[in-house]
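Visitor: Given next are the chains, with one letter for each unit.
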Amino acid sequence: MSARGWLLFTVALGALGCSGETLTRGLTEPFRIDGAQFQEGELPGIPADSPAAEAESAGSLPTLVGFLPLTVVPPGAVDRTISGTATRGTSSVGVRFADLGTGYWVLPTTNADLFSENELAWGGLASYARQPSPGKHRFLGVAIDGQGRAGVQAGIDVCLLPEVPDNGNACDPNKNPPKLVISLGWNSPVDLDLRVVTPDGKIVDAKHPTSAVKDEDGKLDPTADGTGQLLTDSNAGCQIDGQQRESLVYQTRPPAGTYLVYANLYEACEQASVEFTLTLHSSIPSDDHFTQIETLRKSGALQAIHANGGAALGTFLTQFSIE
Amino acid sequence: MHFAELSLLPLAVVLLVSPSALAQPAPAAAPDDDMEVPATTAPAAPTPSATVPAPAPPAALAASPEAKTAVAAAPTAAPAAAPAGAATRPKASEVDVAKAEPSSLGGLRISGYLHAQYQHSAASEDQLNPSGAPLNENEFVLRRARLRFDRTWDYAAANLELDANTVRGMTVGIRRAEAAIFYRGPNAPHLPPLLGLAVGITDLPFGFELPESTRDRIFMERTLGSSALFPSEADAGAKLFGAYSVLRYAVAISNGEPLDRNGLPHDPNSAKDVTGRFGAEGEPARGFTLAGGTSFVTGTGFHRGQPARKSVIRWRDDNEDGVLQANEIIATPGTAATPSKNFDRWVLGLDLETSLTTWLGRSILYGEAFVASSYDRGYVPADPAASGVAVREAGGYVAFAQELTKYALVGLRASIYDPNSDVFEVHADKTVPKTQTVRTFSALAAAVLPGRARLSFQYDWIKDYLARDSLGVPSDARNNRWTLRLGVDL
Chain A
299 MSARGWLLFT VALGALGCSG ETLTRGLTEP FRIDGAQFQE GELPGIPADS
349 PAAEAESAGS LPTLVGFLPL TVVPPGAVDR TISGTATRGT SSVGVRFADL
399 GTGYWVLPTT NADLFSENEL AWGGLASYAR QPSPGKHRFL GVAIDGQGRA
449 GVQAGIDVCL LPEVPDNGNA CDPNKNPPKL VISLGWNSPV DLDLRVVTPD
499 GKIVDAKHPT SAVKDEDGKL DPTADGTGQL LTDSNAGCQI DGQQRESLVY
549 QTRPPAGTYL VYANLYEACE QASVEFTLTL HSSIPSDDHF TQIETLRKSG
599 ALQAIHANGG AALGTFLTQF SIE
Chain B
233 MHFAELSLLP LAVVLLVSPS ALAQPAPAAA PDDDMEVPAT TAPAAPTPSA
283 TVPAPAPPAA LAASPEAKTA VAAAPTAAPA AAPAGAATRP KASEVDVAKA
333 EPSSLGGLRI SGYLHAQYQH SAASEDQLNP SGAPLNENEF VLRRARLRFD
383 RTWDYAAANL ELDANTVRGM TVGIRRAEAA IFYRGPNAPH LPPLLGLAVG
433 ITDLPFGFEL PESTRDRIFM ERTLGSSALF PSEADAGAKL FGAYSVLRYA
483 VAISNGEPLD RNGLPHDPNS AKDVTGRFGA EGEPARGFTL AGGTSFVTGT
533 GFHRGQPARK SVIRWRDDNE DGVLQANEII ATPGTAATPS KNFDRWVLGL
583 DLETSLTTWL GRSILYGEAF VASSYDRGYV PADPAASGVA VREAGGYVAF
633 AQELTKYALV GLRASIYDPN SDVFEVHADK TVPKTQTVRT FSALAAAVLP
683 GRARLSFQYD WIKDYLARDS LGVPSDARNN RWTLRLGVDL
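Chains as they are written, first to last, in this note's numbering: chain A, 299 to 621; chain B, 233 to 722.
Please keep in mind that the hints were generated in silico from the structure rather than gathered at the bench.
Fair warning: there could be bad hints in the mix.
Heads up, simulated EDC-like pairs for lysine to aspartate or glutamate below, C-alpha to C-alpha not over 20 Å straight-line [claimed, not checked]:
(1) B:K662 - A:E415
(2) A:K477 - A:D455
(3) B:K662 - A:D411
(4) B:K666 - A:D515
If you want the footprint, here are the derived chain B segments under chain A, 3+ residues with CB under 8 Å [what the hints assert, rightly or not]:
(5) 659–672
(6) 698–710
Pairwise CB distance ranges (calculated) [claimed, not checked]:
(7) A:N409 - B:L597: 45 to 51 Å
(8) A:S348 - B:P565: 42 to 48 Å
(9) B:H352 - A:L412: 42 to 48 Å
(10) B:D576 - A:D397: 52 to 58 Å
By construction, the Cβ of each residue, glycine as well, lies at the ideal position given by its N, Cα and C atoms.
Please work from the sequences and hints to get the whole structure.
Guide: If you want it as structure tokens, here you go:
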């Protein structure tokens, strides 16, 4: 075989080796859809704001008729329906965020829509990344026919919520974020608890999820101004929920004084160690509204031997004062 | 059974093309060592000290599968330097890893081998699957580390083979454990006995690939079709085997449950599977061998029932706001247990194998084909009790291997497997057939240190329909793979 022959043979082998569609689960993408095929690259089709989109009004290309993604997405949301309909002749539908991710997901169309014989149904269950880029993002979809021709892209704004509660401020600046959020996140499935000692001396934790103190009648008012609320008890009793974050949220200004923050490894859940990060988030004025900013970040690690079943306050992380 | 007539077809073919084979004994060659241990010479006297086998020199030809089975079950049946029949298949000792001389200890024979490899898959991903298992497939693996003990007597034999590997984490288990009795009859020492019975964990006699020695196998692993029907080569049961002239037979009755960690802990039903192979092998002309046979399995599969479930309360986030509302609490009442069910299943296979020895070395051409009903137990496990319809499966392969002197080997193999011929899906409001067929093309090159080791490289082009193209049509997934393996005898 000549040198050219060997070269052709090698190229042919290489081409065969690279053929086929990727089988990635898409875990590094901002979302994924069960049973859908991931394709790298930009979404095909005509952008809705381009002149060509108006020229396509005659409808010679397949069209996405109904388009129903989740419009407000909590971090790590799982099995959320994404569905819609498309005109007859549509073979598949592609969806992606306009500004996030490296490609798009392809779903084949299935039966005729129950309510419109002239439309084909499509859909799947989407799961979203736990650490997305919070804020408003354009979600695009496009219908593709059997010849590979893509129609005009349809778009809808989708709000990706941050892991740290912000009352939707990332998507809508008119929504005021909490005055203060103390948030503890960690990286392995252990029962780690956030504990905060308030100026009143109360220990706020999973068993005492509010900073409110009892009045003379022995009653608590968790809705009172300046009261903080612990939102979740993640992985309680080693019932792994995947959240691995606990946040103490003060919607209004917290009482003045010194706050002590601890991380307590209640149970190691058969894990050798856990790494955690504590963050403080404050609401500050910005123009004519408020914005949430991170004011402190502190990381650390605990080993299984530190698990105490709640017998101690835990590892001291930081203290701060409210004036 | 409707395939009874078919089962005699390959046998007839062999007899027609090799009439001389009936008249002459098979040529002398080294015995097969399916799993591994070469056959021993017959003891001079029925005393333990006399049963110490002679070391087996490297073989020139490999034995056919049923002969391997026979020899493995009754090591005294064949001399160390003779094949268990006129076989056409290359054996490790000839074309790849040669057998090391086994150690003997008071009549107890000890041998083994080791396969260590690096494997790479285009489908590999540095992520975890939903159950937490790694999706990375690019790794070093101890594929097999086998250690085998054999003890043979005049009319009885026993063996125990252990396997250690890291395919699914560190695992050690029994690969084979057989107790056998046999009657040699008029058969020459290099042939399997006239009649033998092995009980224990024994290889199933089906086609060429299944009972083939993993040490002798030319290609890295069995084809997908074989692995789908038989996730593990061995099963617990009893096997009747033997040879008469050029004819070979083996029939096994076994539990019918794969002996791997994916199966049930023990046989879930009282029905047993019957597996058998009837064939012939001969050498019609000097240097030219021919073998073939037909195999079958008939048995009973098991559909798992569900245990009773207690009532549970679930939260369904109807408005997807992540906050519990009263109307989102769903009470799911408990359910009664559902019964398990049995279902019929069967396989029918044909195999043919030929080899020709030239100045360059041995050329081997072989293949198998099968049709099956509801017998897939490994790739897409069939459960007709759930669907109400029997699952039709079909597959086969053709392989060619060429020795390039005794120091190198190349091979090509094309295989196909359809795990279900009756799958449909709705696409664009049309019900269309959906193929699940997988075609694999394998190319292998190996450097051989005769009698000691083999360094092999194999590339597998896998053409399937596991992915979808941009039109939503099933298309080939990017999952080609290659393997670099070093095999050395212990």
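Visitor: Work down the list of hints and note, for each, if the structure agrees.
Guide: Quick rundown of the hints versus the structure:
1. B:K662 - A:E415: holds, 13 Å
2. A:K477 - A:D455: Given pair K477 (chain A), D455 (chain A) is violated - Cα atoms ~27 Å apart, limit 20 Å.
3. B:K662 - A:D411: holds, 13 Å
4. B:K666 - A:D515: Outside the cut-off at roughly 71 Å; violated.
5. 659–672: Coverage by chain A holds here, the residue count being 3 at a Cβ distance below 8 Å.
6. 698–710: Holds: 12 residues of the region 698–710 of chain B have a Cβ under 8 Å from chain A.
7. A:N409 - B:L597: 45 to 51 Å: Check passed, 49 Å falls within 45 to 51 Å.
8. A:S348 - B:P565: 42 to 48 Å: Because 54 Å falls outside the window, the suggested range is violated.
9. B:H352 - A:L412: 42 to 48 Å: Distance hint for H352 (chain B), L412 (chain A) holds at roughly 47 Å.
10. B:D576 - A:D397: 52 to 58 Å: Given a distance of about 57 Å, which is inside 52 to 58 Å, the answer is holds.
Taken one by one, the earlier hints fail for this structure at numbers 2, 4, 8, listed in ascending order.
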